[in-house]
Structure formats: C-alpha cells, structure tokens
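Given next are the chains, with one letter for each unit.
Number of protein chains: 2
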Amino acid sequence: MPNIKLVVIGNEILNGKIFDKNIYWLARFLNRNNLQLNQSIVAHDNYSELEKIFRQTIDETDIFITSGGLGPTKDDITKDFYENFFGLPIEKSEEAYAIVEENYKRKGMDFSTKETANCYPFLPKGVMPFNNPLGLAPGLGYKFDHRGKRKILLSAPGVPWELSAMVEEEFYPFIKKELSLNSSFTDRVNIRTKLIPEEKIFTTIAPNLWSQLEQLGQVSSLPQIIGIDITVSIEGKNQNEMNQKRTEIIKIVKDTPLKGAIWQIGETPLNEFIVQKAKEKKFTISTAESCTGGLIASLLTDISGSSEIFLGTAVTYSNSSKENIINVQNDTLEKFGAVSIETAKEMAEGTRKVFGSDIGISTTGIAGPLGGSKEKPVGTVCIGISDHNNTEAKLYNFSGERTALKTLFARMALYTLLDKIS
Amino acid sequence: MPNIKLVVIGNEILNGKIFDKNIYWLARFLNRNNLQLNQSIVAHDNYSELEKIFRQTIDETDIFITSGGLGPTKDDITKDFYENFFGLPIEKSEEAYAIVEENYKRKGMDFSTKETANCYPFLPKGVMPFNNPLGLAPGLGYKFDHRGKRKILLSAPGVPWELSAMVEEEFYPFIKKELSLNSSFTDRVNIRTKLIPEEKIFTTIAPNLWSQLEQLGQVSSLPQIIGIDITVSIEGKNQNEMNQKRTEIIKIVKDTPLKGAIWQIGETPLNEFIVQKAKEKKFTISTAESCTGGLIASLLTDISGSSEIFLGTAVTYSNSSKENIINVQNDTLEKFGAVSIETAKEMAEGTRKVFGSDIGISTTGIAGPLGGSKEKPVGTVCIGISDHNNTEAKLYNFSGERTALKTLFARMALYTLLDKIS
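Chains as they are written, first to last, in the working numbering: chain Y, 14 to 435; chain H, 14 to 435.
Do not take every clue at face value.
[Said to hold, decoys possible] The list that follows gives simulated cross-link-like pairs (lysine-lysine, DSBU-like), each with its CA atoms no further than 35 Å apart:
#1 Y:K366 x H:K156
#2 H:K34 x Y:K366
#3 H:K295 x Y:K387
#4 H:K156 x Y:K92
#5 Y:K162 x H:K295
#6 H:K264 x Y:K92
#7 Y:K92 x Y:K258
#8 H:K190 x H:K156
#9 Y:K213 x H:K92
#10 H:K292 x Y:K348
#11 Y:K65 x H:K295
To be clear, the hints were calculated from the coordinates, so they are not data collected in a lab.
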C-alpha cells in the first residue's frame, strides 16, 4: 500500500482563523477506497518550511497531496514551491488555459483575462494540470524519481469542496492508474453503543472484550457524544473471510452486557439512522425545542429525504410562545417552571398535535452559562416524548459549555427518539 | 518566540472516523496569547512513527504538545512513548494518584481501584502529572535537554474539552514560567467583507490594496461563507505603534470600493455579532424556516444571552404547517408555490406576528439533492424579512450539496438580518 502524506498549507489554520476540514475528508475517502492516510502535516505558507518537510519525509512517502495555496493572491505559494524545489520555470499551459476557460463557462462567467490570466493558466513547466470540478483554479500533479523510487506530488486547492471533488474525480483515478494497487480486502466493523462511559466498558462491564476482539483485527475505542464506538479493522484474502470475521466480532460483543447499549452496527450518523428508521416504519416526527434552539430540527433536516418524515418544529424560547404556539398551560409553567418534566410533556404533546405528527419530542433546559439555580443548575434538561398512546418526560444533568450542552441535549433527545421508533 | 509543535496522536483521525478539533483550538489559543503554533502533525498511535517525528523535528522545536493516547485502553500509547523514548520506567506517582482521586470526587464518582488503578496514577518516572480539570486522566510534562537547548514535552488527552481546559489552566502557566517570553506586541487586524468574491477583490475592485497593506504587516485573505476576511498581522514595540498601524490599515481598506462590503472590523462570528447588535438596539427576532430546518435558530441560540432578543422559530417543513402555524395563505401557496417571494414574505410576517417580535425572517428554498425543477433548481432560496413598517423578500441561487446549501441559505439570511438591524 502506498504511503500517502497530506500537507495542509495554511497560515490561517496555524493561527487559528479557520479549522481544516481536508484532513478528515481525505482520511475518510482513502479509507473507504482501501488506501490509508499515513500522516498529515499542517504547515505555514512558507517555502523553507515546505522544503524541510519534503526533505525530511520524502524517503518514506510515495504520494504527497498538498491542500491550499493555489488561489490568486500573493500568499498562495504552492506553484512557487514546485518552481523552486524542482527547478521548473512557470509558464503558460494551453491545457490549463482550456480547463480554466471551461470552468468559467460552467459557472456562467466570462473568462476575463484581467483577473486570472496572470495566474490560473500558468504552471511550473512539466506539471500536469487537473480539472477543478467545482472551482476555477486547476490542480497540479508531478511525477519524479527519488533514490530509484517513483514519487507523486499532487496539489489541490484548500477550499474543502474543491479539494474533495478534485480528489474523487481526478487524483484518485490518476493514483489508481499510476500504482498497481493490490487488492487485499480491508474493512472495519463498527459497533456503536450509547450511555456507557468508556472507562467502564473494558474494565468492569466487559473486561475480556478488547483482547478477544484483538484476535480478529486492530481494535480501537472512540468516545462519541454520550456513547462509544468500538471499531475493529479487519483484513482478509477474500470477501468470505471478511464476512466470517465480521460475524464473529458482532457475536463477541453481543455476548457481553454491552448488548443492550448497542444502537447500530455500522457507521451511519445518528440523525441519518433515525430518518432511515422513521421512513421504514412510516412515522412522522415534529419537535418542540427550547434550550436546543432548533438544533434537533437542523440535524434531522441535514438528511436528504427528511421531509418525508419531519413535519416541523416550534422553537419556543419565550414562555408566551410555549403557550401560544404549542399550547403549554400557563398553570403548568407557573407551578412547575419552564424547565420541568411537566412542561416537557406538554411541549411534546403540543408539538405533536400542532404539526399532526406521530411522534413529538421536546427539550427544555438550561444551556447556560446564565440561568442556572441550585435546584436546576446549568446542564439540566427535560426531554419529553409523545405518541398517540403515551406521553412521558425525563430529567437529565450534563456538564459543559453552552454549545457543548446544546449538542449533549440534542443527542440525548435523538437517543430518546430512536428508542421510541425502534 | 518558542517554536511550538502539536502532535495529534490518533489512528481514528487518520482513518477518517473523527475529525480533529485540537489543532484549531490550540492554534487559536496560542495566537491570542502572543504565541504561535508552528506546525501540527497528525500521526498514528504507533511508537516508531512517533519516534521518527521526534527525531526529525526535535532540533527546531522548543515545545512539543501531544494530544491523545492517555486513555485507559490498550491503543493509548503516549506513556509507552515516554517510557521507551526517554528510558523512563512506569511507576506509581503519589501526585498523580491524588489528582485522579480528586477528579473522581469532583465528578461524584467513587475512585474504584478496579478500573483505573492500573492506569491513571502510573507515570513514567520523573514525568510531572498535570491536573485534568474536566476529565479523569492526568496530563504529562517532561523537561529535557537536547544539544544544549532546553526542550519541553507536554501531553494532554485527545478529548477536545479536556485538552483545552488542561492547556489553559495547566500548560500555559507552566510554559510562561519556564520561558521568559518576550513582550513584543503582535496582533491582527481583521476586516470582514461580504458578497464579493475573492478573485475580484485584489484584481478589479482594489488592485493596489494587497501591496499597500503589505507595507504594514503580513497580509492574508480568507474566504468565509459568502464573504472574505482580509487579515493583516502586525507587530509593534508598544501599544501606540500598534494603534497607529491598526488605524492606517482600516483607512486603506475604507478608501477602496470595498467600503460598502465591510460588515465588521474584528473577529466576532456573524451570529454573535447579530445578537450583540440586536441587544444594543433592543430588537427582538423570530424566524420561520423551511429549507434551513432550524439552522438559523440554532446559530442564534448558540450565543449566550440570545434569549433576550430571540423569541422563537417555526420550522415549517410541510405546507400545512406553513398555513396553520404562521398563517401563510393557502392561495399564496397554490398560486406561487412554497418556494416563492410571496410565500417568503408571508412567512416572515407570519412569524413576526405569531411570536410578537420586532423582526421576522424567513427562508423557503430547495436544499436538494431532490426537489429541484427547471424553474426552481436545487440551490434556489427565497429570504423574507419583515418589521413593523415593511415586509420584503428576495430570491437567490447558490450551488453545493445539501448541508452546504443549508449553511449558505442561513448565512444569506443572517446578512439580511444584519442589514435590517444596522
């Protein structure tokens, strides 16, 4: 398997202005295509720093992919790197020109020579241009030999969607062609559990689980939001061997007390999993959100096709909107308060009735940092759920800062929803 | 200034299971404290790989910070690295034991020796334990000399909130004490613009801007969602010099046609900026969201104190909920369709009246991938805004995949809201 290194070029990442999304995307893409990201380095837009990284790691690396530094401004130094490191003078490339012209056409823009004629179609001599399916600037590719070994350098823009489209449509087919990739099978078995903390799973709850799973592949354990994923990376000579290993791993985990905590064998995100299940069972859903402020609705509507099962949400931040829109009783609010089991129940039932859904789910709590009290500290949340037969609510306590709490509250509500649907 | 390197240890990041949040957080934190993250490397949980990174980069690096690999499971190898790289045998540390015991107490948990007695209080000999303000496992610190220079190695857990709390409360004071940090002033001036594409700014709109700004500091240009940040990193001997440079930079930018596109001099996120402005002007806000599915509400309620100005949201995914909850006319929906200027206007006005807010803002559009047509393709959105005097709406077209489109729609709605408030 080729050793692949991603070099993320960007001052703006190292000074904390933005966070990089390309490491995650590329790691995931390579893994799903039976390749492996071996290392990723985030470096400054600085020639001598890039040179050092290349010199230090070129022996072990087969394919370098760089992200960033291909734009039209002066801090974009990727082409300069090719020019100076390999001694390739920058010159106009007809092939790059054609790509850029076509990209402008696709976007319905005139290829005004004023703006980019000095930049996009000019490449270091001998460097291949790659199409940029979603942007304007072409990608770059260069093959060279180092100590008798073939090396590949590929450069994509830093904009995440441009990089991902370029890797999928251009770099990956190129890599496949260049290397005769071996076809041994690799996969991961991912078991998603909820509500049990990591430190208990492999000690008190299932002390032998790790070593049993290790017989079958490389084990890792990854904390998720209120839950843990246990992953076993497996290899095999054929699909049959892979299936056997997969079956055995699942059996081993289900033979432990973890069985009841498993909510999925797979890697589907919780929101997508709920939308799938609700579609299968033909349940419609609505939410009433106070402390989560629309986050549950936003998570569900991130999923394509959610409109089949998701009817709507009332984000009722004020007491009066709780009364007017989803018919929470004024008495209930006065007697028990907005953050209470009773209000959560009326909210869940209210939203179900107002939107005419099969299931209504509600959150009311204190995300802080203000608004907590001794009885109901920051982190308190009541989650209500209502269907045609039954309405109930529970109180939970979490800790963290405001957006973390919103995420925890929404996650707990989604687990509650999943239980109801399953 | 010390050369600081972050080594993110985690197979789960390189195989695409999770995305790292620590690079971003640490880069930001160091920058705000007049330090600089010089490089970040994401590496496998693998001893020989870590050893190679340390050997290759130790000459230039003053402080290594590692994240990850301190947990209780077998894939956590950070302590093994200290043991083998420096030859420090693992043994029980009374200091670490006290920290762990205290952390269990704080969480209201018994320090059951069963689970972690074999792990958390055991450290490589001579390594300092650091408190973990939000978690259980102590951090590690080690000072050593290499070629006559003092080096520091600090290790925090990979869990983002544990790392950030540990860096703030433990590592940073430690670093300050160890190094006599010089006190030259550094800062950045950040000018946030909207709606003008990057490739036009420095070419046709303000062709001399970049070189003018470069006289004053290091310039970078960073695409945001439907907008560009122009940043100039400045240095100075005293606060007075810094203020002069800041004033001059702002004047230079405002003397270009960019003036009208500037929405902020600063780094406040758009949602926080809107909440601040609305508080100042004492405006209350409500939203009616179709295609954004609650995302605008969730962004506004991410901000502490948003309850003063944000009253609520109706996420009306279905036509009937548009009619029932925010009183969109059935006629309007039939005649113009759900995605129309007319529906957007009625939604904005409807939510304003239902929630009793000063301003109502609405989105109705097609986030795809399904649901587009020739007249209204995926990416079409109508954004409505209503106050006591006026209700209007505009149609926009964007491109991207579903969650990217939701983000673009929400951003455009927030810009619309900001214009109304300002």
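Hint check results:
For the given pair, Y:K366 sits about 64 Å from H:K156 by alpha-carbon distance, which is inconsistent with the 35 Å threshold. Proposed proximity of H:K34 and Y:K366 is contradicted: the alpha carbons are some 40 Å apart, above 35 Å. At most 35 Å may separate the alpha-carbon atoms for a hinted pair to count; H:K295 and Y:K387 meet this at roughly 30 Å. The suggested pairing of H:K156 with Y:K92 is violated, with an alpha-carbon distance near 40 Å, which exceeds 35 Å.
Only pairs whose Cα atoms come within 35 Å are accepted, and Y:K162 paired with H:K295 is rejected, the gap being roughly 67 Å. Under the criterion of a C-alpha separation no larger than 35 Å, the hint pairing H:K264 with Y:K92 is consistent with the structure, at around 32 Å. Among the hinted pairs, Y:K92 with Y:K258 is inconsistent with the structure: their alpha-carbon atoms are about 47 Å apart, more than 35 Å. At most 35 Å may separate the alpha-carbon atoms for a hinted pair to count; H:K190 and H:K156 meet this at roughly 13 Å.
Of the pairs offered as hints, the one joining Y:K213 and H:K92 holds, with about 21 Å between alpha carbons and a cut-off of 35 Å not exceeded. Taking the CA atoms of H:K292 and Y:K348, the gap is about 30 Å. The hint holds against a cut of 35 Å. Between Y:K65 and H:K295 the CA atoms are separated by roughly 55 Å; this puts the pair beyond 35 Å, and the hint is violated.
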